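Participant: Heads up: the sequence shown begins at 66 in the working numbering, then just goes up one per residue.
Source of the hints: derived by calculation from the structure; they are not laboratory data.
A few of these clues could be false.
Cβ-Cβ distance ranges computed for the label pairs, FRET-style [to be verified]:
hint, residue 1, residue 2, range
1, T232, A107, 30 to 38 Å
2, W272, R231, 54 to 62 Å
3, W191, L159, 45 to 53 Å
4, T241, W281, 27 to 35 Å
5, R231, L73, 51 to 59 Å
6, P229, L73, 55 to 63 Å
What you are looking at is a predicted structure, and each value in this text was computed from that prediction instead of being measured.
Note that CB positions come from ideal geometry on N, CA and C, so glycine has one too.
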Amino acid sequence: MELVLVLLVIVIALSFDYTNGFHDAANAIATSVSTRALTPRAALLMAAVMNLVGALLGTGVAETIGSGIVDAPEGTSGLVVVLAGLMGAITWNLITWWKGLPSSSSHALIGGLTGAGLASMSTVHWTVILDKVVIPMVASPLVGFLLAYVVMVAVLWIFRNAAPGRTQRRFRVAQTVSAAAMALGHGLQDAQKTMGVIVLALVAAGWHTGTDIPLWVKLAAASAISLGTYSGGWRIMRTLGRKVIELDPARGFVAESVSAGVLYTTAFIFHAPISTTHTITSAIMGVGATKRASAVRWGVARSIGVAWVLTIPAAAAVAAVLFFVLHFLLA
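Modelling step: build the complete structure from the supplied sequences, incorporating the hints.
Facilitator: Quick look at the structure:
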């Protein structure tokens, strides 16, 4: 039974990684597609490749997820905790994908693990959740918005006397680079979260010790998120690329560049599992606000904000219910 559960957790974890890929594909490429810097298919292919590369560049975020959120008990009960957490996250991912809302897969996973951990009476590391989840959850959108606004103002001033047509064409070319950088950051952040979950399951089963990530786990998670990205997330892409604000190439370039910088900083320096969705969405709003406040469709932004607030508790509630069901059936 334990072997079957471990294999099931790994399959479900990689399935979550796949849904993360198509759910969050829009994060990296929506702005480039909406400004016609890249065709949709070329953008998806580029994002898939960069997701794969980014997933192999570090393990700090994976170690935070694998050992910092919840101490899953050993044996079958611990595996059920991980399985319920994953299924709660996937459920919320699918709901928000269907509604076209760019919610956070990262926070869905953290919420799912927390809910399952509470239901199982496991140790939940609230200090880590506060320091590496809640504070970054609030700070990263604010930093993304403000930094994107400031950088966009600087770009507008620097190019104030340049020919608009030629300048926008150059930024359209530059967006290829900024979109690739954003996709790399997405792989660096989000694929690592699945790696951490798989290691958490392996430790619970007694098949692994410590927090280091085996190579096969890295390759499996990187491949799953890349395949999911290539499958595309057209509903969310429309929301980010057109419904929040009509973007031009310069604003798309700035939003992507700022978001990529925030993702790299939090992954390499703080090992914090922040939301790529929150970061790019707030950056898009920041560059949009340089036109005028009314240029941002705040009604859409409000709907996205509601999804952000609900993500952790909703995924936690689903995971808690699933834990009791799965524990009854399997334990």
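Participant: Take the C-beta atom of P229 and the C-beta atom of L73, compute their distance, and say whether it sits inside 55 to 63 Å.
Facilitator: Given a distance of about 56 Å, which is inside 55 to 63 Å, the answer is holds.
Participant: Between W191 and L159, is the Cβ distance one that fits in 45 to 53 Å?
Facilitator: Distance hint for W191, L159 is violated at roughly 28 Å.
Participant: Per the hint of 54 to 62 Å, is the separation of the Cβ atoms of W272 and R231 within bounds?
Facilitator: For W272 and R231 the Cβ distance comes to about 59 Å; the hint holds.
Participant: Would you say the C-beta atoms of R231 and L73 sit inside 51 to 59 Å of each other?
Facilitator: Since R231 and L73 have Cβ atoms about 56 Å apart, the given range 51 to 59 Å holds.
Participant: So the hint says 27 to 35 Å: do the beta-carbon atoms of T241 and W281 match that?
Facilitator: 32 Å, holds
Participant: That 30 to 38 Å hint for T232 and A107 (C-beta), does it hold up?
Facilitator: 23 Å, violated
Checked against the numbered hints given earlier, this structure breaks hints 1 and 3; the rest are met.
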